[in-house]
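Engineer: Residue numbers (the working numbering), protein chains in the order written: chain F, 1 to 118; chain B, 1 to 116.
Derived by calculation from the structure, the hints in this document are not laboratory data.
Each residue gets a CB set at the ideal place from its N, CA and C atoms; glycine is no exception.
Please note that a few of the clues may not be correct.
Taking CB as the label site, the calculated pair distances span [what the hints assert, rightly or not]:
{"#": "1", "chain 1": "B", "residue 1": "Met27", "chain 2": "F", "residue 2": "Thr70", "range": "34 to 42 Å"}
{"#": "2", "chain 1": "B", "residue 1": "Met27", "chain 2": "F", "residue 2": "Gly1", "range": "27 to 35 Å"}
{"#": "3", "chain 1": "B", "residue 1": "Gln17", "chain 2": "F", "residue 2": "Ala17", "range": "29 to 37 Å"}
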Amino acid sequence: GNSVTQMEGPVTLSEEAFLTINCTYTATGYPSLFWYVQYPGEGLQLLLKATKADDKGSNKGFEATYRKETTSFHLEKGSVQVSDSAVYFCALSGSLRYSGGGADGLTFGKGTHLIIQP
Amino acid sequence: NAGVTQTPKFQVLKTGQSMTLQCAQDMNHEYMSWYRQDPGMGLRLIHYSVGAGITDQGEVPNGYNVSRSTTEDFPLRLLSAAPSQTSVYFCASSYSRTLLGGNTIYFGEGSWLTVV
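For reference, chain F alone in the conformation it holds in the complex:
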């Protein structure tokens, strides 16, 4: 079945540091890949996505490249800010095994708690 593995943290960095959050996946077929962000006390927001190999998703200074050869979708940002402190979830889309192929769903990693110190 599908699975997503990401570093769980917490990851603590100083402001303006370079950020990498690793994400690797196992999937059948050609899933789309996503990063979601959850700020304290809030819901999930889509941060970026990539739909095919070598696609690069980007938003708010964050980037991630869909690497099929390494089954990875690592999240990067060149200079983090205190406001980036949040939990980041890597996810992939795929056929729900419970539905006989009639619908897709998201498989999530466990989330990475990022703390940025001033």
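Chain B: place on chain F using the hints.
Structural biologist: Below, chain B without anything else, positioned relative to chain F:
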């Protein structure tokens, strides 16, 4: 355009009580789903629906019921609350049941439920 709206945001229940978490979307989305989020577990799918009158079980359906009488609404019912159901619940919707091409799932703001 409100997106995906969940109520209540916070709820405390006693063991054995029942309650309904409400979810509504105003984007005419075909696909709606409920996830629960637990520490160190990520999000796990409880139930989903691909249209009015059609529902199906996800990864962790036990203890929950759903119905989809309209396109807009997808309530989640806890039949007899247990402490193991203490969690954050997210409703989500998408235009299509198929996520190929990066069709996006939109999430509500979450409902924090504590069962004592």
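Engineer: If a hint holds in the structure, say so; if it doesn't, say that too.
Structural biologist: Evaluation of the provided hints:
Look at methionine 27 of chain B against threonine 70 of chain F: about 35 Å separates their beta carbons, and that is inside 34 to 42 Å. Between methionine 27 of chain B and glycine 1 of chain F the C-beta distance comes to about 29 Å, which sits within the given range of 27 to 35 Å. At roughly 47 Å, the beta-carbon separation of glutamine 17 of chain B and alanine 17 of chain F lies outside the given 29 to 37 Å, and the hint is violated.
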